[in-house]
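Please put together the full structure from these sequences, using the hints given.
One-letter residues, chain by chain:
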Amino acid sequence: MTKLEVFNPVARSAEVHVDPAPRLATINDKRIGLYWNMKTGGNVALDQVSKLLSKRYPSATFELVVGSVGAAFRHVAANDAARVAANFDGVVGTTAD
Amino acid sequence: MIEFEKRGVPTVMFTSAEFVRDAQRSGENFGLPQLAKVVVPEPFTNHSADAVRKLVDAAIDQVVAGLIEPLRDRAQLVQDLVFLDEDWLDFSGPDQLSALEQMQSQFLVYGWSDGFPLLPPTKRAMDRMLSGTRRDPQEVVAVLEPGFGIATVQKIAANAVMAGCLPEHLPVVIASIECLAEPQIYLRNKAMSTGPAAPLLVVNGPIRKKLNLNSACCALGPGAPSAANTVIGRAVRLCMMNVGHTYPGISDMDTVGTPLKYSMCVAENEEASPWTPFHVERGYEASASTVTVHFVYGICELKTFQSHDPEELIEIFSSAAMNDAQVSTGYWLLGRRSDPRSGTSEQERHMMLICPEHAEIFRSAGWQKADIRKAMHRRSRLPFKRLMLTKEREAMALSHPELHWLWDSPDTLLPVLEDADCYEIAVVGGTLGRGSFFWGSGAPVTKPIRE
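Residue numbers (this note's numbering), protein chains in the order written: chain A, 1 to 97; chain B, 1 to 451.
Because the hints were derived from the structure by calculation, they are not lab data.
Accuracy of the hints is not assured; some may be wrong.
Using C-beta positions, here's what the derived DEER-type ranges look like [unchecked claim]:
hint: 1; chain 1: B; residue 1: 93; chain 2: A; residue 2: 16; range: 33 to 41 Å
hint: 2; chain 1: A; residue 1: 14; chain 2: B; residue 2: 45; range: 30 to 38 Å
hint: 3; chain 1: A; residue 1: 16; chain 2: B; residue 2: 105; range: 43 to 51 Å
hint: 4; chain 1: A; residue 1: 18; chain 2: B; residue 2: 86; range: 25 to 33 Å
hint: 5; chain 1: A; residue 1: 15; chain 2: B; residue 2: 306; range: 53 to 61 Å
hint: 6; chain 1: A; residue 1: 14; chain 2: B; residue 2: 308; range: 52 to 60 Å
hint: 7; chain 1: A; residue 1: 2; chain 2: B; residue 2: 140; range: 33 to 41 Å
hint: 8; chain 1: A; residue 1: 15; chain 2: B; residue 2: 96; range: 35 to 43 Å
Each residue gets a CB set at the ideal place from its N, CA and C atoms; glycine is no exception.
Right, dumping it as structure tokens:
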């Protein structure tokens, strides 16, 4: 048998780690941000989420959030994320296509 | 979404079934593989509002679960890419060619190939390739998104070997990777998209002749005259895959794909150009060798054999710019491509490769590149209502509230690009009146080539 040894062309990744946020015990009484990245249909979906969850959790509140930068897709800048963290207990987002 | 999780806000995100692996990969890349997802069978795009509501109705329990249930362990989730820890990989067979065949088929299984046969990065090939640069093989040239791949000179060299590069091509490939890593390029935006954005490389300066880069007939390929162009362009794309980890169907979600992603590299025909070379316009000395990377969505001709008047050329060329099925057209109405991490803000720019014959027509009439740009901007206009057919109204309202009045005057003609400077111009090609027009995605970046 003949051996062919080749260099691995795939790069290692720089390590990135984020601790997940603790989940909510309940959605009752919570403020839920509805984050729309401007992809088509996402706002309709979030509006429906708001309607359905308002029926299930009448004491929860829902508010649309959009990012402050971008064009066809709007992104969350650091100050946007800080504002969300200060004003909301959870986020439902659209859309990762 | 991960930015919210980082700040202690539990988040759940909608994605459609076909994009689950992409979403999963994104979560892994950005440090949260367990990112909670609501999976719907179809995307929300191209669906009526009622259809979208029905998709949400069926998935609402997932939304609740994403906010209140513990996140699932990664091990339970879909496996996608193959990453091996070994620096050196062994393949075997009854003879060398059989072992090479095994490598080819295994690299396809791993997803590491662009589909064409690869040259093997053996120790001898690697040593030979690395002789093409004075840089240390372990030097980190860049960290490439979306996978935050560490682009050492050695990893770049391996992909250059696989592409078929010669050692003297390596400095161009390295400089191209430096371009990709510039915040202005916003690589994540290009590499993880449903669109066909592909890197167009334009090389300037003395290195063109040294490397036999083609700037004339068949400069964009194919064939032997463009062999250097082809392998350099291919190497950059292989680096995007194997170093940046943008793989088809996983993070590269290009709906249809494009052959432009195999390789796209030209040299400017500086000798036939009546104007300042492309890189000189961008601040470099004429004697410098540079590479420019510009992501582009597609190509069409700039063809006329009839015209010998510059205004007539513009009349024809502007029809290429006025393609409202193309995402860049009127994109400025929604804002600019912006990376929220680095604060960049890039206009959409198109690339015009004007052939020498047409360049001479412009020159004879006393036109400089600035005149061409102004004329293209003046002529390439479409009605507001057509430009908005493909765009979200709310996005425009956020970016340009001062233009709200256009909804009352929908036939108003608007330029397809934000301003005249958004037309990039280089001279490329052989004899006869056929150039090429590329619809750009954001702005180009130019870097010097260090030999």
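Status of each hint after checking the structure:
For the pair residue 93 of chain B and residue 16 of chain A, the beta carbons lie near 39 Å from each other, so the given range of 33 to 41 Å is met. Judged by the Cβ atoms, the range 30 to 38 Å given for residue 14 of chain A and residue 45 of chain B holds: they are separated by roughly 33 Å. Look at residue 16 of chain A against residue 105 of chain B: about 32 Å separates their beta carbons, and that is not inside 43 to 51 Å. For residue 18 of chain A and residue 86 of chain B, the Cβ-Cβ distance of about 28 Å falls inside the hinted range of 25 to 33 Å, so the restraint holds.
With their beta carbons about 60 Å apart, residue 15 of chain A and residue 306 of chain B fall inside the hinted range of 53 to 61 Å. The hinted range of 52 to 60 Å is satisfied by residue 14 of chain A and residue 308 of chain B, whose Cβ atoms lie roughly 55 Å apart. Hint check: residue 2 of chain A to residue 140 of chain B, Cβ distance near 35 Å, so the stated range 33 to 41 Å holds. For the pair residue 15 of chain A and residue 96 of chain B, the beta carbons lie near 38 Å from each other, so the given range of 35 to 43 Å is met.
Violated hint for the displayed structure: number 3, the only one.
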